[in-house]
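*Asks:* Sequential numbering from 1 applies to the sequence shown in the UniProt record's numbering.
None of these hints come from the bench; they were simulated from the model. Hints are not guaranteed to be accurate.
Pairs of lysine-lysine, DSS-like flavour, derived with a Cα cap of 30 Å [to be verified]:
#1 Lys81 <-> Lys52
#2 Lys32 <-> Lys52
#3 Lys181 <-> Lys52
#4 Lys32 <-> Lys81
#5 Lys32 <-> Lys181
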Amino acid sequence: MQRLYAKPLANLTMNVSIIGMNGSGKSAILVKYLTRRFIVEYAPYLSDSYTKNDTVDGQDVTLNIQDTSDSDDMDLEEILKWSQAVVIMFSITSRRSFYRAQELIESIRQNSEMPASKRQTPSQRQSNSLYSNSTINPTSNSNVTSPLIQLSPGYSSSFRRSALLGVNVLRTPTLVLVANKTDLDRFR
């Protein structure tokens, strides 16, 4: 059978960040991917970086993965600058983590729609929280408009450098929303 796609590159490197509320299972899923084991103990308020060589669709890939802590000093703009992909985690056993994922998506959208000089700091964005104007009801099965639903490629905007305006803007990384179950067997 003839290959219909281009010959693989020697080695592709991708930067991936995992963000979400503390306790949503970011580190657990990452360590499971890296080591094929579940972790028993970890430091929930630390950020860490890992590198893994893997093969995806026959292509050798080096993944630089940033495991973040959801804290007040998290610099979302720096995360977006560094990442080609951002994994946004929430726990299906925590409604608060779902709302936090929604906030993060909205913050990424706000960052992507304005020049760097006009972007809000995390403390400025906190006052514009989605809790006050949330359009999603997690207990309802109705179709609603939500930043979580609006992740389709046609919806997201791209960052680019505008030569006409002389404005520096960033490319929006690919966003992946991941639901995780974080309760433990021993607590059931």
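*Asks:* What are the numbers of the hints that this structure violates, sorted from low to high?
*Replies:* Those not satisfied: there are none.
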